[in-house]
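Enquirer: Place chain C on chain R using the hints.
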Amino acid sequence: MIYREAGQLKSSYEADQQIFPILQDRIAFLGLLAAAFVLVPLVGNDYWFNAILIPSLILSLAALGLNILTGYAGQISLGSAGFMAVGAFAAYNLMLRVPHMPVLASFFLAGLVAAVVGLLFGLPSLRIKGFYLAVTTLAAQFVIEWALTKFSWFSNNSPSGVINAQKIVILGVRFETPVRRYVLTAAIVALLALAAKNLVRSRLGRAWMAIRDMDVAAEVIGIPMLKTKLLAFGVSSFYCGVAGALWAFAYLGSVEPQAFDLNRSFQILFMVIIGGMGSILGSFLGAGFIVLLPILLNVAAHSFFRGGVSQTLASNLELMVFGALILFFLAVESHGLARLWQIGKEKLRLWPFPH
Amino acid sequence: MDWSFFLEVAIGGLLAGVMYSLVALGFVLIFKASGVFNFAQGAMVFLAALIFVSLVEKKWNLALAFAATLAAMVVLAFVVERLVLRPLVNQPPISLFMATIGLAYLIEGTAQGILGAQVHGLDIGIPDTPIQLGAINVSRFDLFAAGVAIVLVALLSVFFSKTRVGRALRAVADDHQAALAVGIPLEQIWVIVWTASGFVALVAGILWGSRTGVQFSLTFTALKALPVLILGGFTSIPGAIVGGLIVGASEKLAEVYIGPKIGSGIENWFPYVLATLFLLVRPEGLFGERRIERV
Numbered sequence: 006m007i008y009r010e011a012g013q014l015k016s017s018y019e020a021d022q023q024i025f026p027i028l029q030d031r032i033a034f035l036g037l038l039a040a041a042f043v044l045v046p047l048v049g050n051d052y053w054f055n056a057i058l059i060p061s062l063i064l065s066l067a068a069l070g071l072n073i074l075t076g077y078a079g080q081i082s083l084g085s086a087g088f089m090a091v092g093a094f095a096a097y098n099l100m101l102r103v104p105h106m107p108v109l110a111s112f113f114l115a116g117l118v119a120a121v122v123g124l125l126f127g128l129p130s131l132r133i134k135g136f137y138l139a140v141t142t143l144a145a146q147f148v149i150e151w152a153l154t155k156f157s158w159f160s161n162n163s164p165s166g167v168i169n170a171q172k173i174v175i176l177g178v179r180f181e182t183p184v185r186r187y188v189l190t191a192a193i194v195a196l197l198a199l200a201a202k203n204l205v206r207s208r209l210g211r212a213w214m215a216i217r218d219m220d221v222a223a224e225v226i227g228i229p230m231l232k233t234k235l236l237a238f239g240v241s242s243f244y245c246g247v248a249g250a251l252w253a254f255a256y257l258g259s260v261e262p263q264a265f266d267l268n269r270s271f272q273i274l275f276m277v278i279i280g281g282m283g284s285i286l287g288s289f290l291g292a293g294f295i296v297l298l299p300i301l302l303n304v305a306a307h308s309f310f311r312g313g314v315s316q317t318l319a320s321n322l323e324l325m326v327f328g329a330l331i332l333f334f335l336a337v338e339s340h341g342l343a344r345l346w347q348i349g350k351e352k353l354r355l356w357p358f359p360h
Numbered sequence: 153m154d155w156s157f158f159l160e161v162a163i164g165g166l167l168a169g170v171m172y173s174l175v176a177l178g179f180v181l182i183f184k185a186s187g188v189f190n191f192a193q194g195a196m197v198f199l200a201a202l203i204f205v206s207l208v209e210k211k212w213n214l215a216l217a218f219a220a221t222l223a224a225m226v227v228l229a230f231v232v233e234r235l236v237l238r239p240l241v242n243q244p245p246i247s248l249f250m251a252t253i254g255l256a257y258l259i260e261g262t263a264q265g266i267l268g269a270q271v272h273g274l275d276i277g278i279p280d281t282p283i284q285l286g287a288i289n290v291s292r293f294d295l296f297a298a299g300v301a302i303v304l305v306a307l308l309s310v311f312f313s314k315t316r317v318g319r320a321l322r323a324v325a326d327d328h329q330a331a332l333a334v335g336i337p338l339e340q341i342w343v344i345v346w347t348a349s350g351f352v353a354l355v356a357g358i359l360w361g362s363r364t365g366v367q368f369s370l371t372f373t374a375l376k377a378l379p380v381l382i383l384g385g386f387t388s389i390p391g392a393i394v395g396g397l398i399v400g401a402s403e404k405l406a407e408v409y410i411g412p413k414i415g416s417g418i419e420n421w422f423p424y425v426l427a428t429l430f431l432l433v434r435p436e437g438l439f440g441e442r443r444i445e446r447v
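Going down the list, the protein sequences come from chains R and C. Using our numbering, the letters of the first sequence correspond one by one to residues 6 to 360. Using our numbering, the letters of the second sequence correspond one by one to residues 153 to 447.
These aren't lab readings, by the way, just hints derived from the structure by calculation. Beta carbons are placed, not taken as given, at the ideal position from N, Cα and C, and that holds for glycine. Keep in mind that a hint or two might mislead.
[Unchecked claim] Okay, the calculated bits of chain C under chain R, using three or more residues with CB under 8 Å as the criterion:
id : region
1  : 230-242
2  : 252-259
3  : 370-379
4  : 418-426
[Said to hold, decoys possible] Here are the in silico distance ranges between beta carbons for each label pair:
id : chain 1 : residue 1 : chain 2 : residue 2 : range
5  : R       : Met214    : C       : Thr281    : 57 to 67 Å
6  : C       : Ile302    : R       : Met106    : 24 to 34 Å
7  : R       : Leu199    : C       : Ile302    : 54 to 64 Å
Pulled out of the complex, with its shape left as it was, chain C reads as follows:
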């Protein structure tokens, strides 16, 4: 076995996994604070990337475009809270899940209807060229993406554990009713958390978009993020990162080493099977909270 090749594949996978983690992070944020399994996360990534790239193509400054897109995501958060979450308070989780699928269709349709369905190239000035680290090649862009993810996770961790809003978010995640009883405004918390996940979606959208081009297939990033999510646990931010790394590395290794034996293209489902097998051992994911059920 060629170890430097193995390492190269593994590291490439790990760095790709960071990109999955970014999308999974958005899921985790919303699930933590509102118990909603937000299937529209992929659509949000697509929407954010599409708005950003449209502004950049109009010769906007990158920072300005980023700010404008973020503003758009804040508006989206308000609209979602008002039109989706508030009418569906106290509905079973599956209704909310269905609602987010509806929301995903709505966002995708609106984004494409207004901004067009063609593929946009996006260049944010980070070259996708390999650099040599000892015997292995690593993409500069992947390293940049990993750096961004680390910064983002650090920011979110500080936000959740140190700030007043972050504590309120955790209180809501723990128990809606108790949080309401001590005077935490649920509506505001929802807007904040959807904004935060809109921000994560924007970052993910820019990174994915400059890697693959901004196109409809960005919405499928949600499907890539799901096994990451169940591996790491729905409620854990570190879990999303570690899950992403495991999924990224294992799917690339599986494609290279198992793929030739049973047929290629297993990348699409291997993470799911891996996650399923993993869940059989630990049903709450790597870092999920263990729930004790009582009658």
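Pulled out of the complex, with its shape left as it was, chain R reads as follows:
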């Protein structure tokens, strides 16, 4: 009875087009934002910020990027971690080589650099489809990882290829403590998520979905294939690039190209699938799930075996449970966590009546 749209009449186009058409959703969302920006910074501790909140937010952003490409535009990519690496190294080099570079501007430009690289590797998508395309995006993954390791210019001649991200200072405020880094990350992620939400509701987003559902038909009704597909690659890589820059600057502080290997790409793909393809919310749910799962498994394994389990068995156990859970999830709810949320909301609208 509490959650329903009855009586919420729309009398203007603005009201009709808002992101959350139901008042209760708006209140809940504002509550969530308030919690994220006020409550969590007040009560959270360093472990939560460093080990859970910051990485899951950043990976949400990367998952969001991949979701735009895979979930909305229907192009499978296995190279997202490569574009994250481009973003991280581009931001580092911009800060290093351009005097008086503002950090936020370097993040933005790093995203653009990643977008350009993404466009380049997106070119084959015009002729290649499906799994053939997935395999060619692996080329992006391997070439980028190799280039960043091989050419020491990218890491400023650091012998091990590790870059140490510069300190984040915005308008004289230093973002060094976990709380501050968390707030900065959350703000960037929230802004970009808002942009993504609006993008997929726009003409471009609808064109992406048309291509996803059937590209030949989309072309027939006059959607420019070249422009639309390449934009999907560009925007997706932009998000991954910013995520990579944040990964280096706000999360780890120092990264090497191997931090963005193929496993990271798979991890992001899992987030999209488990969270829900073609859903902004799903990217966040999926990222939270994938980040929390190993931690929970670890805790569970330790309390269950009381420390009597060897390290190799524990890590293999983690691999097994992870694999099994993915299979379970795909079999039970292949539309992901976002779909569960959707079903829950539908149920809530009827509650307490059965029909």
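Expert: For chain C alone, coordinates are given in the frame of chain R:
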């Protein structure tokens, strides 16, 4: 340019390519019959090799160990059909692809958890010594591997084109629903095809394992097989072989002749770039079926 050196590199690459083809074959079999892009193929190679080497280390006879491992792969095929394929019928291909990544984790975790993560040496009695053919040296082991691959491909071709089961497999590959309508049992076909690719994985695992030692890195053979696959086309058995030969020869030649100019280590990605460029010209691979799309 030194031609005998060029030939030696090229032939070494071709023979190495045969090994890639073996892994790619497993992919092709499953993709042909069920439309599943089986990322767990590498894990299956690892699992088969690990079971085989564990049995051999327990002083089992080679043939007996081979049979036992094959039995294990049959069990795996049943389990996969029951727990992975059947619940995911009618799901989009990407879900099935993700499922096979999950399956790969599951197999890798189980194999290492039970059989241990240490590197096993494997000796099947074929020495890896060079023999002289005119002016060039060729590894005896590579020749043996190439022979095995040829026999395997011949067997599979006969199986696919001459036997009743093989025809059913091709029917399923062509159209699931039509195959079901004429009474071909889809579940059985899946088990058969996963068994066949388990068999290929076992052969590949033994050959790779005796070359590099049985270790976790065997799972990466899947990554080597992917460019082979797209070069040859996902649905073509000869394509897997020819693709493997092209990838093997070109990556070795690229490493030797282009590598010094732009930096070494290009072996890892060169096949991918080559395959991508190739796909730009022929999007369905060398021998893939050309699809005509209609609205």
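Enquirer: Find the hints from earlier in the document that the structure breaks and name them by number, from lowest to highest.
Expert: 6
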